[in-house]
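Student: Below are the chains, spelled out letter by letter.
Protein chains: 2
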Amino acid sequence: MNAYENVKAICDSARRASLSLSKKSGGERSLALLKIAEAILNSSDEIIKANAKDLENAVANGMKESMQDRLMLNQARIKDIARAIIKIADLPDPIGTGEIFTRPNGLEIHKTSVPLGVVAMIYEARPNVTPDASSLCIKSGNAVILRGGKEAINSNKAIVSVIRSTLSECGFDENCVALIEDTTRESSNALMQMRGGVDVLIPRGGKGLIKSVVENARVPVIETGAGNCHLYVDRCADIDMALSVAINAKCSRPSVCNAIETVLVHKSVAEEFLQRFYNATRDVSLEFRGCPVCCDILPGISEATEEDYATEYDDYIISCKAVDSVYEAVEHIRKYSTGHSESIITEDSRCADYFTGSIDSCSLYVNASTRFTDGGEFGLGAEIGISTQKLHVRGPMGLSALTTTKYIIKGDGHTR
Amino acid sequence: MNAYENVKAICDSARRASLSLSKKSGGERSLALLKIAEAILNSSDEIIKANAKDLENAVANGMKESMQDRLMLNQARIKDIARAIIKIADLPDPIGTGEIFTRPNGLEIHKTSVPLGVVAMIYEARPNVTPDASSLCIKSGNAVILRGGKEAINSNKAIVSVIRSTLSECGFDENCVALIEDTTRESSNALMQMRGGVDVLIPRGGKGLIKSVVENARVPVIETGAGNCHLYVDRCADIDMALSVAINAKCSRPSVCNAIETVLVHKSVAEEFLQRFYNATRDVSLEFRGCPVCCDILPGISEATEEDYATEYDDYIISCKAVDSVYEAVEHIRKYSTGHSESIITEDSRCADYFTGSIDSCSLYVNASTRFTDGGEFGLGAEIGISTQKLHVRGPMGLSALTTTKYIIKGDGHTR
Chain F
0 MNAYENVKAI CDSARRASLS LSKKSGGERS LALLKIAEAI LNSSDEIIKA NAKDLENAVA
60 NGMKESMQDR LMLNQARIKD IARAIIKIAD LPDPIGTGEI FTRPNGLEIH KTSVPLGVVA
120 MIYEARPNVT PDASSLCIKS GNAVILRGGK EAINSNKAIV SVIRSTLSEC GFDENCVALI
180 EDTTRESSNA LMQMRGGVDV LIPRGGKGLI KSVVENARVP VIETGAGNCH LYVDRCADID
240 MALSVAINAK CSRPSVCNAI ETVLVHKSVA EEFLQRFYNA TRDVSLEFRG CPVCCDILPG
300 ISEATEEDYA TEYDDYIISC KAVDSVYEAV EHIRKYSTGH SESIITEDSR CADYFTGSID
360 SCSLYVNAST RFTDGGEFGL GAEIGISTQK LHVRGPMGLS ALTTTKYIIK GDGHTR
Chain P
0 MNAYENVKAI CDSARRASLS LSKKSGGERS LALLKIAEAI LNSSDEIIKA NAKDLENAVA
60 NGMKESMQDR LMLNQARIKD IARAIIKIAD LPDPIGTGEI FTRPNGLEIH KTSVPLGVVA
120 MIYEARPNVT PDASSLCIKS GNAVILRGGK EAINSNKAIV SVIRSTLSEC GFDENCVALI
180 EDTTRESSNA LMQMRGGVDV LIPRGGKGLI KSVVENARVP VIETGAGNCH LYVDRCADID
240 MALSVAINAK CSRPSVCNAI ETVLVHKSVA EEFLQRFYNA TRDVSLEFRG CPVCCDILPG
300 ISEATEEDYA TEYDDYIISC KAVDSVYEAV EHIRKYSTGH SESIITEDSR CADYFTGSID
360 SCSLYVNAST RFTDGGEFGL GAEIGISTQK LHVRGPMGLS ALTTTKYIIK GDGHTR
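Chains as they are written, first to last, in numbering that gives the first Met the number 0: chain F, 0 to 415; chain P, 0 to 415.
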């Protein structure tokens with residue numbers, strides 16, 4: 000069987016599994032998840048052993064330490080995984096909710112949520128995505144096809160094996176969760192072309208992966224990830240607040256999509272803010288790249304290029320620019336933003352309203368860190384990714400993002 | 000300027016226009032629509048004159064009469080167009096609605112609806128789409144780029160000219176509504192590739208157009224149109240009801256997407272139903288193509304092929320098949336349906352529930368005609384098309400389909 004045939008067979012079984020899954024009640028789905036959480040805890044030794052193989056290969060292949068850390072699973076992390084699954088099990092059922100309305104002619108229309116059907120994930124490195132995505136999909140009545148990266152292949156196989164046997168024990172079709180073990184480019188290409196077989200494809204990973212999926216996939220895709228986020232410190236900002244927010248938004252986890260890459264600061268507070276921000280970030284050696292005014296304020300920093308302003312560093316590097324007004328800040332953000340998250344620190348409500356109303360990003364913050372753009376923080380309970388597109392779902396994707404609409408219309412011989 | 004540069008320039012002005020449009024209140028947008036309706040009525044002579052040129056060209060090019068009728072505008076139809084615009088003006092504002100919730104940490108999250116931005120339409124023949132789409136887009140705060148078919152170019156130019164000058168008089172940027180006058184393939188290709196310039200592209204027209212857009216567009220698309228709809232007459236059906244629904248669902252407007260193409264009938268009622276249905280449709284010479292059992296019941300009809308069951312005839316032709324049970328009916332529909340609309344006639348509620356629960360189409364009817372799948376009939380007030388996809392919007396697309404989400408988050412120095 001070639002790569003395409005293998006993927007086609009997996010998609011066909013997933014479709015059949017999704018039909019049987021649609022017959023399970025919310026209670027049955029939740030119970031299956033609780034059993035999966037338990038089984039994962041009970042299998043931690045096997046999972047850690049498989050993960051050790053992946054880490055061995057990673058070291059042999061020269062993977063850098065921060066990436067190895069993202070790959071690593073230990074008892075504590077497996078406990079977290081199990082806890083996350085239990086949390087998802089306890090969320091309200093996203094399926095079978097909706098509204099009823101009756102038309103003037105007496106037609107009764109039920110608009111209800113149903114599973115998308117078959118969800119596919121193409122992702123890199125982090126083995127956490129495997130149990131996370133599986134739980135969110137099962138909870139929402141969807142079958143899921145997982146195509147993880149080769150770095151985590153043994154970890155993924157071990158986790159999926161536990162999930163599939165638990166599903167079987169619960170009377171579910173084990174093909175509700177399937178792993179494509181072929182980690183060549185052919186298998187991801189085949190998945191991307193499987194129109195009719197895959198109802199939505201969600202990529203999670205670096206820019207290269209996202210770009211490749213968005214450009215090549217013929218199945219519906221939800222674009223995730225790109226976060227060229229900004230912070231604007233207004234002349235009416237509480238500078239202490241601006242500092243703690245800036246440090247959190249840049250330095251708490253620089254490699255995530257909701258971390259800021261550029262700080263814009265009103266020229267009237269630029270000197271005080273930038274000097275304090277610079278000094279406060281020497282412990283992590285945050286590298287500044289600035290406009291000419293910033294270079295005057297912080298001698299020794301490099302000059303920022305146009306390319307820098309457009310770059311998502313994902314690292315301890317930040318661009319900075321002094322601006323004349325909130326209008327100039329908004330112009331800059333409109334030019335460079337990827338539509339993810341932007342924040343303004345100000346006590347001036349008109350400035351705040353102008354900022355939040357004029358920028359077309361998914362999340363606009365007033366006096367808070369962009370790091371809150373997250374399903375858990377938004378109260379969605381869980382998250383399968385953060386969408387950076389406008390259609391279907393925007394921002395953190397919770398369970399309802401994995402559903403679509405069905406209309407059931409009851410009449411009494413109605414004709415039109 | 001070549002086709003691409005021309006389209007790019009139009010997209011750029013539309014983007015600028017959409018920014019200024021986002022500053023207009025709902026009241027201002029509604030008022031502009033009322034003025035547009037008035038202006039279109041006042042310009043009916045000019046519009047009809049332009050339309051006459053299109054009709055002249057259509058006749059010269061051998062366009063068939065049913066198509067000419069779709070192209071034709073007269074006083075009555077222009078009055079209908081104006082009435083439809085006034086109706087849209089009076090609908091609730093779809094922008095700036097949403098919910099507020101406060102998180103345990105005190106973050107106040109406002110989830111609100113905002114315009115998509117720039118909507119593009121590629122459509123064929125019917126000049127009604129021009130004022131319909133323009134009104135729906137203006138109402139929802141979106142700029143719209145219209146790429147109509149060459150058959151209606153003069154009608155479209157005349158209508159758009161009235162809309163643009165009225166927008167100007169109302170203090171709106173006239174580029175909120177733009178017509179691509181170049182009706183070559185190059186211009187639609189350019190529009191389809193304009194990533195970043197177009198937020199959503201909606202095709203309206205025949206299968207060839209839809210397929211071409213869905214396969215080639217690199218901008219977000221909402222797939223419309225494909226309606227291989229089914230009617231299943233169950234053994235517990237009220238046969239009189241089944242007949243009137245079947246006649247309505249097939250013959251009232253055979254060329255629309257919500258008309259049925261196949262009728263499935265339980266073998267125990269097949270003879271009575273089919274003979275009565277056949278006799279009742281001699282006035283329109285409805286052509287039947289049937290399974291072997293149906294061919295026995297209606298001697299002289301052709302045998303239906305697998306291809307027939309998959310065909311959207313859009314004409315006075317219907318496939319028919321006798322089945323053993325609702326299960327067989329559902330199997331058939333699952334195989335051939337395009338996910339649009341299906342109907343069951345039955346008094347058996349378990350059959351009805353099985354039917355509506357097991358078929359993955361956007362609209363499932365019990366004892367009513369599939370012809371109700373329509374924005375107006377569903378109470379959406381207006382409709383920019385009927386989506387046959389699962390993401391973003393499914394079924395009739397009202398105003399909210401032209402919006403996306405924005406989160407505005409207010410904190411007090413919150414960090415994570």
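Calculated from the structure, these hints are not laboratory results. The reader is advised that the hints may include incorrect statements.
For chains that are exact copies, the list does not tell them apart, and a pair is met inside one copy or across any two.
The calculated lysine to any residue pairs, modelled on SDA-like cross-linking and capped at a C-alpha distance of 20 Å, are [to be verified]: (1) K409 with E64; (2) K23 with L40; (3) K266 with E180; (4) K206 with R217; (5) K110 with E286; (6) K334 with K409; (7) K156 with A8; (8) K52 with T404; (9) K52 with E180; (10) K22 with E330; (11) K110 with N278; (12) K86 with S324; (13) K210 with D239; (14) K7 with G375; (15) K48 with G26; (16) K23 with R217; (17) K110 with G374; (18) K86 with A8; (19) K266 with D411.
For clarity, every value in this text was computed on a predicted model and none was experimentally measured.
Student: Hints first: check each against the structure and report whether it holds.
Tutor: Structure-based check of all given hints:
In this assembly of identical chains, K409 and E64 lie within 20 Å of each other by CA distance neither inside one copy nor across copies; the values are 60 Å within and 37 Å between. When the C-alpha separation of K23 and L40 is checked against a cutoff of 20 Å, the pair qualifies neither within a copy, at 24 Å, nor between copies, at 56 Å. Taking the shortest Cα distances, K266 and E180 never come within 20 Å of each other, neither inside one copy (55 Å) nor across copies (47 Å). Proximity of K206 to R217 under the C-alpha cut-off of 20 Å is found in both arrangements, the shortest distances being 19 Å within a copy and 18 Å between copies.
Taking the shortest alpha-carbon separations for K110 and E286, neither the intra-copy value of 53 Å nor the inter-copy value of 35 Å comes in at or below 20 Å. When the C-alpha separation of K334 and K409 is checked against a cutoff of 20 Å, the pair qualifies neither within a copy, at 50 Å, nor between copies, at 24 Å. Only within a single protomer do K156 and A8 lie at most 20 Å apart by alpha-carbon distance; the minimum there is 18 Å, versus 51 Å between protomers. For a Cα distance limit of 20 Å, the shortest separation of K52 from T404 qualifies neither inside one copy, at 43 Å, nor across copies, at 43 Å.
Only within a single protomer do K52 and E180 lie at most 20 Å apart by alpha-carbon distance; the minimum there is 16 Å, versus 62 Å between protomers. Only between protomers do K22 and E330 lie at most 20 Å apart by alpha-carbon distance; the minimum there is 16 Å, versus 51 Å within a single protomer. With identical chains, the CA atoms of K110 and N278 are never at most 20 Å apart, being 56 Å at best within one copy and 37 Å at best between copies. For the identical chains of this complex, K86 and S324 are neighbours neither inside a copy (45 Å) nor across copies (42 Å), given an alpha-carbon limit of 20 Å.
Taking the shortest Cα distances, K210 and D239 never come within 20 Å of each other, neither inside one copy (38 Å) nor across copies (56 Å). Taking the shortest alpha-carbon separations for K7 and G375, neither the intra-copy value of 34 Å nor the inter-copy value of 40 Å comes in at or below 20 Å. In this assembly of identical chains, the alpha carbons of K48 and G26 never lie at most 20 Å apart, being 33 Å within a copy and 65 Å across copies at closest. Neither within a single protomer nor between protomers do K23 and R217 lie at most 20 Å apart by alpha-carbon distance, with minima of 30 Å and 37 Å respectively.
With identical chains, the CA atoms of K110 and G374 are at most 20 Å apart between copies only, with a shortest distance of 13 Å across copies and 25 Å within one. Within a single copy, K86 and A8 get their C-alpha atoms no closer than 32 Å, and across copies no closer than 50 Å, so neither meets the 20 Å cut-off. For a Cα distance limit of 20 Å, the shortest separation of K266 from D411 qualifies neither inside one copy, at 70 Å, nor across copies, at 23 Å.
In this structure, the earlier hints numbered 1, 2, 3, 5, 6, 8, 11, 12, 13, 14, 15, 16, 18 and 19 are contradicted, and the remaining ones agree with it.
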